Amino acid sequence: MNLHFEAAGIKKVFNRRTVFENVSFSLNSGEILLITGRNGSGKSTLVKIVSDVLSPTEGKVIVREGERTLTDSRSSLLGLVSPYLQLYDEFSAEENLWYTIALRGKIPDIVHIRSLLKRVFLLNRKDDPVRTYSSGMKQRLKYAFALAHSPHILVLDEPTSNLDTEGTAMVKEIMNEHRDSGILIVATNDLSDVDRFDIQVDLNVAAHA
Amino acid sequence: MSRPMHNAEQWLRSALSIFKKDWHSEMRTRYAISALLMFVVTTISIMVFALGSESAPADVLSGMLWVVIFFAAMSGLARTFVAEEERGTSMTLQLLATPSAIYFGKLLFNLVLVTGVNALTVLLYTIFLAGFVVKTYSIFIWTIALGSIGLAASSTIIAAIIAKANTKGTLYPVLSFPILLPLLLTCINATRLATEGAFLSESFGEFQFLISYVVVVITASAILFEYIWKD
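These protein sequence lines are chains A and B, in that order. Under the working numbering, the letters of the first sequence match residues 1 to 209, in that order. Under the working numbering, the letters of the second sequence match residues 1 to 231, in that order.
Just so you know, these hints were derived from the structure itself, not from any lab. Hints may contain errors.
Covered stretches of chain B (chain A as the covering partner; in silico rule of three or more C-beta atoms under 8 angstroms from a C-beta of chain A) [claimed, not checked]:
1. 25 to 33
2. 78 to 89
3. 94 to 106
4. 204 to 217
Here the structure is a predicted model, which is why all the values come from computation and not from measurement. A virtual CB, placed ideally from N, CA and C, is assigned to each residue, including glycine.
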């Protein structure tokens, strides 16, 4: 799948406060976008707009495959990991992933679910309710959640937050694999999170103080 | 032809999974069911003690039945959306399913919940309130069935609206009352006809209204839900 991801003239206003404006970029498969900016500059807001869970005040985001504009929801192409994304605390990790796939209208495959849990080092805790997990374990589960439908676009907001050395290495491995096959969008202030990037959006420039 | 069919199947599976997830979650937390059952049992107990050996007229008891049903629904049906907002899982759900699948999955959950609670309410009501005697069961069963669907349809869309507000608890009955008033008045009238022993044909006007209400509310909700749900 060869995708072209384009954001044109994105502006976001909350109440009367303009968070950022005129944010534009375009990406092709195999490229990495780095979103940086100080606290409050709107990194997470831009990530939400890119992920189609928040509408921009102005501008648009388009995904194309060749000449064809994909009109379906971007969420079917996209996996998101972010601090404000919450999973269901009353369910176990396995149940969460089961519903993650079922809610997309697909038939869940338990072998696939367990391979995802193994990948994020949570297989031995697969039956425990998520409310008993530490914040680092919850962050690992979010990676399994994001990768469950093998998305072409991976969006990571603060990718290594709450993770230990093993978790950080796991994230690096996922990012390395994904940048070869798909589009990677990373929002962070910690530049050690990314080895390389093709395009940078610095929201300190686009942001309104 | 195969793609729309595939999409329809996927949509249906998604909507049913939302119902299944909510049911699974409810069975584990028992938040809405506990609230609904406690309200029904408490209210009917208070009515029984208040009436004592006195017997209220059938038309008054018909009205009171729907008062119990309305407030019981208000105490539990908002949970389906409020819980998603409180746990911060709304965004997760947005990423996983289309707004229409979410709406119909949640509607199905509320419908099952309200139908079960209404069945229990009617059972307790007929056992403990001796003055409430149904003479035309066909009218009564249709009224409870259509009333439950109407109540679930309105409550679901209002729950989606108030889930975004800060004062969820007080806003829900306040916002629901004007929208549910035509439904409640028609249900009260049809229940009165059932207790008076009217023929089924005499209540066709009420049924026509209830069916129209259900169709209008579900259609409008399906169209508007995406705008309420997103942002």
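Structure-based check of all given hints:
| no. | hint | result |
| --- | --- | --- |
| 1 | 25 to 33 | holds (count 3) |
| 2 | 78 to 89 | holds (count 3) |
| 3 | 94 to 106 | holds (count 6) |
| 4 | 204 to 217 | violated (count 0) |
Hint violations for this structure: number 4 only, all remaining hints satisfied.
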